[in-house]
Every structure is written in C-alpha cells, then in structure tokens.
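J.: The primary structure of each chain is shown beneath.
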Amino acid sequence: MGRAVPSSRVLRPASALAGGLALVLAGCGPSSYQYNWNILLDSVIRPDGQILSGIWLTLSISIVSQIIGIVLGVFGALGKMSRIAPIRWIANVYIWFFRGTPLLVQITFIFFGLGVTRIYQWPPINLLGVSIPGSIQAGIFALGLNEGAYMSEIVRAGILSIDPGQLEAAKSLGMTYGKAMRRIILPQAARVIVPPLGNEFNNMLKTTSLLVIISVPELYVTFSRKNASGPTVFHPFELFLAAAVWYLVLTTIWGVIQAYIERRLAKGVAGTPATGGVSLRERLFGGRRPEGAPQGSGGR
Amino acid sequence: MAGAPKGLHRAAGVAEMVKVGDDLLAAIGGLPAATSPLVVEAEGIHKWFGRQHALKGVSLTVRRQEVVVVIGPSGSGKTTFIRCVNHLEKIEEGRIKVNGHLIGYQEVDGRLKEDREKNIALQRREIGMVFQRFNLFPHKTALENVTEAPIQVRGIREDEAKALGMAILARVGLAHRADAYPVQLSGGQQQRVAIARALAMKPALMLFDEPTSALDPEMIGEVLEVMKELAREGMTMIVVSHEMGFAREVADRMVMMDDGRILEEGTPEHFFENPQQERTQAFLSKIL
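Chains A and B, in that order, give the protein sequences. The first sequence maps to residues 8 to 307 in the working numbering. The second sequence maps to residues 35 to 322 in the working numbering.
Heads up, some of the hints might be wrong.
Computed cross-link-like contacts, DMTMM-like style, restricted to lysine to aspartate or glutamate with a CA-CA straight-line distance of at most 20 Å [stated by the list, open to error]:
1. Lys-90/B - Glu-299/B
2. Lys-186/A - Glu-299/B
3. Lys-152/B - Glu-175/A
Covered stretches of chain A, as calculated for chain B (at least 3 residues, CB under 8 Å) [stated by the list, open to error]:
4. 164 to 175
5. 183 to 193
Cβ-Cβ distance ranges computed for the label pairs, FRET-style [what the hints assert, rightly or not]:
6. Phe-104/A - Leu-65/B: 34 to 42 Å
7. His-87/B - Phe-116/A: 48 to 56 Å
8. Gly-109/B - Pro-109/A: 50 to 58 Å
9. Arg-189/A - Asn-153/B: 16 to 24 Å
10. Asn-153/B - Val-219/A: 52 to 60 Å
11. Arg-189/A - Ala-209/B: 28 to 36 Å
12. Ile-139/A - Lys-124/B: 44 to 52 Å
13. Phe-104/A - Gly-189/B: 35 to 43 Å
14. Gly-144/B - Arg-270/A: 44 to 52 Å
15. Ile-139/A - Ala-209/B: 49 to 57 Å
To be clear, the hints were calculated from the coordinates, so they are not data collected in a lab. Each residue gets a CB set at the ideal place from its N, CA and C atoms; glycine is no exception.
With the hints as constraints, model all of the structure from the sequences given.
T.: Quick look at the structure:
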C-alpha cells in the first residue's frame, strides 16, 4: 500500500485510502495486467461458498484459539507469580519458549513435527457430527499455545496493576488466595486486560492466515487458491484486495464489540460512564484519548 | 489520588450529620459469643523487614470488650504490629493468640511453622480489619462490599446476607447509599462502608489501622462516631490512631510505641495527665 499521501492525518481515512490507491495505480508503468473488477466486486458483495466457509473458519479458529489463549494466560500469569518454585519454572519456560520462537515454526513443528514422528498424528475428531481435520486442530493448538504465552504477560500486568490493598482486604475478610483472585482481583484486572486483549484478538484474526503453511482452508488460503486455479486464476490484485476487505470487515466488527465491552467493564471507575469508554470513531480510526482519563487501579 | 474527579457525586462539602444507630451490634446479632476472656495475647513479637528490625519484642494483652489505642511516631511499628495480629505480616519470633488460638502458625516440637493458608483464612474470619485507605472493592456497590464475605466465606444465603448488610449499612447511616459504587462515595462514607464490611463477618476483634488519617478533616467525625458506638457496645478493638479526643473518650488503655517497642502503657488519664517517659511527653506535646 503506497503511503505517499502527505499529511494523511488531515484527510479522512476513506479518502486517504482512495487517494493512496490512485497514486499507486498512476505510478505504475504500462502493464499487460488485465484488471477484472468484477472479481473484486463479486468476492466482496456476492461471496461464494468457498469464501464464506473461509471466513467462517478464520473466525471460529480465532475465537477458539483466543479462548484457549486467555485460559492459558490466566494460568500462566498465576503460575509465574506462584509461591511454589517448580510451578514458576514451568510457567517461565512455557512463556519463554512460545514468545521466543516464531509462530510459523511452532505451527509446522506441532503439525508436521509431531505427525511424522508419530508422537501425535492429528487424526480427525468428530465433534457434534462435524469432522474436524487434524490440520485445524493442530492450528488451533499452536495458535492457542502461542497466544497463551502473550496473554500470560498481559494478565500478569493486569493483576499487578491492582492495589495490593485489595488482596489484603479480601484476605482479612477470611478469603483464601484463590477466592480473592476469582472474586476480587481478576474482575478488576479484567478492566486493565481488555484493551490489550482486544488488540490480541485483532491480531489473532489476521495471524490465522499463517495456517496456510499447513493448508487450513481459512480466508487467506481460500483467496490464494482462487488465484492459483479456476476462473479467477492469476488475478492477485483483485483477489488479495478482496481478502484484505474481508479481514477489515472482521477486525472492524471486533472493534465495535470491543468498544462495547470496555464501556461495560468501566463501572466503578472514576469518571464513568459519562466520559469513560472509547468512542467507536476513536476505536476505529484512533484519535485523542479523553483528557485525564483515569487508568489503572481503582479505589481512587 | 486525593481529590475526587470533577463531575463525581460527592457528599456535601460540609460535615455530614451522621446518625449512628445505638444498636450497631444488634445488626449482627449482638456481641459475638465469648470464647476466651483474653482476646489478644501477643508475646515477644519480633519482625524484620529484611535487615530492618521493625518489632523488637512486643507483648500486649487485650481483654474481651477492651478498647486499646496505639499511638507512636511513624515508623514506630504500630501498623506493623496490628498487621501481625491477623497475619498480614509474618513474624520471626514470638506468639500471637486470638481467642486462645495461635495465629498464622502451628507449634511443631516447640518451633513455629507457618499454618496452612486455609487455616489462616479461617482465623481471619474472626478478626475484622479497617484500613487507612479503606480498600473497598471498587467493582462492587456498598452493599455488595458488605455482603461479599458473608456469602463467599461464611456461605450465608444471598437474601440473608442482603438483609444483614442493609441492617448494618442503616446503622452506620448509609442505607440510602447501598447501591453506590465506592468512587461515588466520600472518604468518610467509604470508611463507614469498610467498617460495615468488617462487621458483617461478626468478628470477635476489630483492628483499625489509622482509620481517619486519609480523610478530609470534616469527615473524620462521622467515622469516629461509628467507632465510638462500637466501643460503647462492647466490641473488642485495637485502634492505631492519633485521634486523642477519641482515645480520651473510649480507650480503656493506651499504648505508646517507639522504635519497635512498647514504651509506655496505661489509661488515657495516665497519658494525658502524667506520662512517664520523656519520649511520650515529647510525642504527645506535638500532637495534642
């Protein structure tokens, strides 16, 4: 994408996009490439079953992987803060490994590596009458494990942001550490965790495209295949632009949902709900945060 | 942290007239049953923070229904001491018993071994604590703050806990703010909710860690009123505070701490009329 637009901040995002596109096209020399705008239009307005199932797969893999990531993240964070040294070690090694190696390597290792050695061959699983191929299972497993490592750090930061007085108050009322975590600390930490969690899920929606390496027919692979064969063969310009549009649709819808969740979670924080939360416009296109917006621990 | 952000509901700027019910403990079914005439028995407590020797052999006994006010300069160990009483701090030496039970430790072959977390939690149920900075749960309403522990820790039914919570909130003058979140309450109101929250567990002992020192001056009175009422009704209390009017009125005994030790102990009359230690005289002359 040519970012040749000068002061793009002045232009509205939509016109910036159009302007940038025009510049890119104008800058190209004569080419034998035959644009077929119908491919772009059809893929976006009248997506066929292949595209729809790609979207569906991207979305469902993202959601399941993110949920696994959140669960692993909570355990990873608590493990890293555990009083028991071996638990701390396990958590640290897990986080260290999955944050320190490329996701692509993790995906291929988990699917091919475990497969050929017969450590685990990823047989298809029947779930509620639907057969889930091994590649999708392996993809979800890899994405979830990888996400869990990042979520561990996010959850840990969220927990650490809560005033230690909260844990003391809960303990002095007779709560155990576990109950204090569940009832008092984690619900408050959630408020701190949700904005970065939103970014993580936004990333997840796009990162699923790496599953191309194990041929999971998600959104990117769908368009990639359309480019390789069939009536739309070798129209990468229109096809991948259409893929980009579909990823934008997914991330935009998520942005709306995230803004809503953040507003819901803001209860009990100074300055809410009147001035708290993030407006949809700010969420989508950025923008200034409300001045003096309080962040972090509650209790004034 | 200090001032409430603009646009927030705040209690009227002037001191709020608070009516404290004269049957505060009736809300929790009267004074908790006596299990021991001596509520607190602390014996030779030593506490180190790394290399810093924070408590150097503190011993203190508190009888049932007694109100003990602990004073002393900052850093003298008074807050550390009451935090040891409910085992928010570990101790390196000595023994603390509450209602005759060793707190935080088990005695194994004459040596102290830290107790299991579950047992410590069980013991803390009987010890209410009020913090300097209130430490209310910001994601819960005033009523939910009060009912949380009875429901989650004692396993009381939700409707029962609500009735109990409303009864206590009414007596500390906050029935009308039951659905407010802590940020919507003034400091004085928050601290009264915090007292109600501790009371809802029907504790045998209440610990107050400088409960009024984070408050604006006009809000100190309403919190002290609640504490005085508790004292009058016979709650056993250890209060770390420099509110001398409060001490004079309700303390059975005062304790002066300095440099990790108890320097002087006696009735309020003793302290206000005839303090023995030079250090106590100097300290009192500064804060009176």
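J.: Run through the hints listed earlier and report the numbers of any the structure violates, in increasing order.
T.: 2, 6 and 14
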